[in-house]
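Following the hints, position chain B against chain A.
These protein sequence lines are chains A and B, in that order.
Residue numbers are given in this note's numbering: position 83 of the first sequence equals residue 95, and the series is strictly consecutive.
Residue numbers are given in this note's numbering: position 251 of the second sequence equals residue 279, and the series is strictly consecutive.
The hints are simulated quantities; they were obtained by calculation from the structure and are not laboratory data.
C-beta: ideal position from N, C-alpha, C; glycine also.
Errors might be hidden in some of the hints.
Derived list of chain A stretches under chain B, where covered just means 3 residues or more per stretch with a C-beta under 8 Å from a C-beta of chain B [unchecked claim]:
| # | segment |
| --- | --- |
| 1 | 80 to 86 |
| 2 | 119 to 126 |
What the simulated footprint calls covered on chain A by chain B, stretch by stretch (three residues with Cβ under 8 Å from a Cβ of chain B suffice, anywhere in the stretch; the number is not a length) [as the list claims (entries may be wrong)]:
| # | segment |
| --- | --- |
| 3 | 141 to 154 |
| 4 | 168 to 181 |
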Amino acid sequence: MKKPIIEMKQVWKEYGAHVVLEKLNLSVQAGEFVSIVGASGCGKTSLLNMLLGTESPSRGAILLDGEVLSTEPDETRGIVFQKYSAFPHLNALENVMLGGEFSASPLLGKVFGSKRQKLKEDALEMLVAVGLGDAALRYPNELSGGMQQRLAIAQALIKEPRILLLDEPFGALDPGIRKDMHKLIRELWKKRGLTIFMITHDLSEGFSLGSRVWVLDKPRIDPQEPDRFGAQIVYDIQLDSKQKIPSSLQHLMSIETQPEAV
Amino acid sequence: MRLMNSKPSRSIRLVLTLLPFVLLVIVYTLASDARLLENPSDKLLPAWSSFYDAIQRMAFEPSKRSGDYLLWVDTWASLQRLLLGVGISALIGLVLGVLNGMLPIMRVTFSPLITAISLIPPMAILPVLFIVFGLGELSKVMLIIIGISPILIRDLQMRTQSLPSEQLIKAQTLGANSWQIMIRVVLPQVLPPLFSAVRLTLGSAWLFLIAGEAIAATEGLGYRIFLIRRYLAMDVILPYVIWIALLAFVMDALLRLFSNRAFPWYHGKRGEE
Numbered sequence: 013m014k015k016p017i018i019e020m021k022q023v024w025k026e027y028g029a030h031v032v033l034e035k036l037n038l039s040v041q042a043g044e045f046v047s048i049v050g051a052s053g054c055g056k057t058s059l060l061n062m063l064l065g066t067e068s069p070s071r072g073a074i075l076l077d078g079e080v081l082s083t084e085p086d087e088t089r090g091i092v093f094q095k096y097s098a099f100p101h102l103n104a105l106e107n108v109m110l111g112g113e114f115s116a117s118p119l120l121g122k123v124f125g126s127k128r129q130k131l132k133e134d135a136l137e138m139l140v141a142v143g144l145g146d147a148a149l150r151y152p153n154e155l156s157g158g159m160q161q162r163l164a165i166a167q168a169l170i171k172e173p174r175i176l177l178l179d180e181p182f183g184a185l186d187p188g189i190r191k192d193m194h195k196l197i198r199e200l201w202k203k204r205g206l207t208i209f210m211i212t213h214d215l216s217e218g219f220s221l222g223s224r225v226w227v228l229d230k231p232r233i234d235p236q237e238p239d240r241f242g243a244q245i246v247y248d249i250q251l252d253s254k255q256k257i258p259s260s261l262q263h264l265m266s267i268e269t270q271p272e273a274v
Numbered sequence: 029m030r031l032m033n034s035k036p037s038r039s040i041r042l043v044l045t046l047l048p049f050v051l052l053v054i055v056y057t058l059a060s061d062a063r064l065l066e067n068p069s070d071k072l073l074p075a076w077s078s079f080y081d082a083i084q085r086m087a088f089e090p091s092k093r094s095g096d097y098l099l100w101v102d103t104w105a106s107l108q109r110l111l112l113g114v115g116i117s118a119l120i121g122l123v124l125g126v127l128n129g130m131l132p133i134m135r136v137t138f139s140p141l142i143t144a145i146s147l148i149p150p151m152a153i154l155p156v157l158f159i160v161f162g163l164g165e166l167s168k169v170m171l172i173i174i175g176i177s178p179i180l181i182r183d184l185q186m187r188t189q190s191l192p193s194e195q196l197i198k199a200q201t202l203g204a205n206s207w208q209i210m211i212r213v214v215l216p217q218v219l220p221p222l223f224s225a226v227r228l229t230l231g232s233a234w235l236f237l238i239a240g241e242a243i244a245a246t247e248g249l250g251y252r253i254f255l256i257r258r259y260l261a262m263d264v265i266l267p268y269v270i271w272i273a274l275l276a277f278v279m280d281a282l283l284r285l286f287s288n289r290a291f292p293w294y295h296g297k298r299g300e301e
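In isolation and in its complexed conformation, chain A is listed as follows:
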């Protein structure tokens, strides 16, 4: 078996006496697409924030390529949020170029001349890949919700991060647009061999999109003190294998899940 890209060793997350996540022992290979599902407030976001670096585990460690994750966000991890991912003062092209400019010019964060031309070509290529070739010169507030998410994906992918994190990326989109976005992300994942972690509250989205599903839930509940026990990965399902989907989840997949109010 190859060396895993992400490893979690006995990871706990607690806020004072409030245990959010407990006993996470997981490893993920490069190229996997992990969907993380679970009820709201069960720690999905804490898990993602730990992968992102904005929060750190209370106990245990998360390893990326065998090294402990740094405790602040960096280039190894790309992120697409539900919204506000794009910079409103830059047009689509400049938004995608920004990542390259940051690494090329530590002092100004801006490059000129032939270097800029090169960045521009790369960025344009990336915009075409996400289907925004025609909207390169438009500002984010002139783009529809779906186009803004395409832009956010392009922006993250141009840095070629080790892992790509998606935080309910399609939660605010219309169902039709969401279907297009599913197609796009599946295509990008296959073609570029990305490793993706996606949080979603939409179970059917989680099961149809990823190659692996983690279901977060609390296996133990103390009715007197609900914060006493945290959530764990209660099901870790490889979707491409013949592993049987637990019957307790099968009924969840059949019902249409309602998107949460934003």
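Chain B in isolation, oriented as in the chain A frame:
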């Protein structure tokens, strides 16, 4: 139709806009005529012809004493102080506001101090300024700076802090350091709010300018008004006041136009959600 739903047409809107101004002029003319009929040397409500003479005298004839064209000398002196004061304040507001908003270490250190300073009425420390900085230009510019820069700093700090955290995290995942995020992500986004904040504080800036000039100056719009007050020279005071209002209006309009031009992404339609 409900009153709240009825929108006037273009021509009616123009008439309605002008109406209060026209009424004001008519009322003034009637009142002025009535007073002058009773006492031709009345100074309180001068006739339009006296205004014309006064403007002619102040703006287009050299002063008998100094040979200067007083209105322009006064305007130039006041504008210099105002622009210097407002410009320096805007710079201070931008730098400290962004630093305070972005860096927790700066915020913890300076934010309470700035709040405390902003609670001091600037006019109360005007004597201190005159004592410390003398009666020259510096004290008047300082009064404007002390008066409006705390407001600008606090506003810019709030604008910086209200940038969505998603954006700042995104920038970090693109490999930016704090400095790059400051100049490429934060600064461009708080410039348009800086312009609106400056427009809003312009009124206070004028207030502090006139107050400073009234107390110690040898030229300036505020100085002139307070000087000729002794002669009840309403024929000069009122045109000066209108001239000040006009200057303030032009400045406000220029700032608005520039902001619209320079930041189309900010003034364009907001996001679709």
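We went through each hint and held it up to the structure:
1. 80 to 86: This one holds; 3 residues, not fewer than the three required, reach chain B with a Cβ under 8 Å.
2. 119 to 126: holds (count 4)
3. 141 to 154: Holds, because 4 residues of the segment 141 to 154 of chain A bring their Cβ atoms closer than 8 Å to Cβ atoms of chain B.
4. 168 to 181: holds (count 3)
In the structure shown, no violation is registered for any of the earlier numbered hints.
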